[in-house]
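Peer 1: Below, each chain spelled out in residue letters.
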Amino acid sequence: GQQLNQSPQSMFIQEGEDVSMNCTSSSIFNTWLWYKQDPGEGPVLLIALYKAGELTSNGRLTAQFGITRKDSFLNISASIPSDVGIYFCAGQFNDYKLSFGAGTTVTVRA
Amino acid sequence: DAGVIQSPRHEVTEMGQEVTLRCKPISGHNSLFWYRQTMMRGLELLIYFNNNVPIDDSGMPEDRFSAKMPNASFSTLKIQPSEPRDSAVYFCASSRIRGVISGYTFGSGTRLTVV
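Residue numbers (the numbering used here), protein chains in the order written: chain A, 240 to 349; chain B, 1485 to 1599.
Isolated chain A, as found in the complex (with noise of 0.2 Å):
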C-alpha cells in the first residue's frame, strides 16, 4: 500500500502550548483523515478532510488537505492534558482502504 511518512514521531508539550503534526506521502489521496487513539482504546476520528486545499476545524483542532493532495496537517492550539495520546494521519485513495501514519505520541511535559 501507499505509504505514510508521519511526523513528529513523538513531542512533549507544555500544557497551553500550539501543537502540529504533519503527514506527507508519495501518492496521491481523495481523502485524508486525522485520529487519536487513548491507551487501551481504538482510534477514534477526528477530522475528516476531502478536498484538496480543505481547512477544516474540529474545536481546538485544525487541519488542512494539501494543494499537491500529498499531505496534511493537524493543529492543536492551546493544548491541555487531555490531548495526551497518539495521533494517527490516514489517507484513502480508493473508496475502502486507508493506509494509516506510524503515529505521532504526544506527551504533555509537566
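Treat the hints loosely; a few may be bogus.
Footprint (simulated), chain A over chain B, 3 or more residues, beta carbon under 8 Å [to be verified]:
# : region
1 : 1521-1535
2 : 1587-1593
The calculated EDC-like cross-link candidates involving lysine to aspartate or glutamate, where the alpha carbons are at most 20 Å apart (straight line), are [what the hints assert, rightly or not]:
# : chain 1 : residue 1 : chain 2 : residue 2
3 : A       : Lys336    : B       : Glu1567
4 : A       : Lys336    : B       : Glu1528
5 : A       : Lys336    : B       : Asp1541
6 : B       : Lys1508   : A       : Glu280
Sample of chain A residues with no beta-carbon within 10 Å of chain B, all distances over it, derived [to be verified]:
#  : residue
7  : Ser265
8  : Ile267
9  : Ala291
10 : Gly292
11 : Gln303
12 : Ile306
13 : Asn314
14 : Asp322
15 : Lys336
16 : Gly342
Just so you know, the hints here were simulated from the structure itself, not pulled from any lab data. Quantities reported herein were computed from a predicted structural model and do not represent experimental measurements. In this text, a Cβ means the ideal position worked out from N, Cα and C, and glycines have one as well.
Please arrange chain B on chain A, whose structure you already have, making use of the hints.
Peer 2: Frame of chain A; chain B shown alone:
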C-alpha cells in the same frame, strides 16, 4: 449507539491453541474491517467485508488466520494454531457505505498475548 463491540478485551493463550476474536459492528454499517496493531508494523488491514462478503483478504498473514461474517451484526477472526508472533492488539472497525464518508468507527480492541 453502543459503538463497535469487541470481545474479549484481553486474551492470553498458549502457543498452538485456537483463538477466536469477536466483533459486533454498528447497526446499519455495511462495511467491516479487521486490523492488527503492533509497535513494529503499526496498523495493518487484515480483511475487509462489504455486505457480509469478504472483499479483500490480502492482508491476512497466512492460512492460520481466517475471518467470517455470517450476518450483518457479527464477525469473527480466528487464529489456529496461534503463535507468539501473533501477539498484538486486534481491532474491528465498521463503516457505512463503502468508504470513509462517515469515517471508520473502531472498537476498543482485543489485546492478544500468545505465550
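Peer 1: For each hint, tell me whether it holds in the structure or not.
Peer 2: Hint by hint, here is what the structure shows:
Counting residues of the region 1521-1535 of chain B whose C-beta sits closer than 8 Å to any C-beta of chain A gives 5, which meets the bar of three, so the coverage hint holds. Only residues whose C-beta sits within less than 8 Å of a C-beta in chain A count toward coverage, and the region 1587-1593 of chain B has 7 of them, enough to reach three; the restraint holds. Of the pairs offered as hints, the one joining Lys336/A and Glu1567/B is violated, with about 27 Å between alpha carbons and a cut-off of 20 Å exceeded. A distance of roughly 11 Å separates the Cα atoms of Lys336/A and Glu1528/B; the hinted pair therefore holds under the 20 Å criterion.
Our distance criterion of 20 Å between C-alpha atoms is met by Lys336/A and Asp1541/B, whose separation comes to about 12 Å. A hinted pair counts as satisfied when its Cα atoms are at most 20 Å apart, and Lys1508/B with Glu280/A qualifies at roughly 16 Å. Taking the minimum C-beta to C-beta distance to chain B, about 17 Å, the non-interface status of Ser265/A holds against the 10 Å cut. No Cβ of chain B comes within 10 Å of the Cβ of Ile267/A; the nearest lies about 16 Å off, and the non-interface call holds.
The non-interface label for Ala291/A is consistent with chain B: the shortest C-beta to C-beta separation is roughly 16 Å, beyond 10 Å. Non-interface call for Gly292/A relative to chain B: holds, since the shortest CB-CB distance, roughly 19 Å, exceeds 10 Å. Once the 10 Å rule is applied to beta carbons, Gln303/A is consistent with being away from chain B; the minimum gap is 17 Å. Against chain B, the non-interface label of Ile306/A holds: every CB pair exceeds 10 Å, the least being about 21 Å.
Every CB of chain B is more than 10 Å from the CB of Asn314/A (nearest about 20 Å), matching its label as outside the interface. The claim that Asp322/A lies off the interface holds: its Cβ sits roughly 19 Å from the closest Cβ of chain B, which is beyond the 10 Å cut-off. Non-interface call for Lys336/A relative to chain B: violated, since the shortest CB-CB distance, roughly 7 Å, does not exceed 10 Å. Distance check on Gly342/A: its Cβ comes as close as 7 Å (rounded) to a Cβ of chain B, failing to clear the 10 Å threshold; non-interface status is violated.
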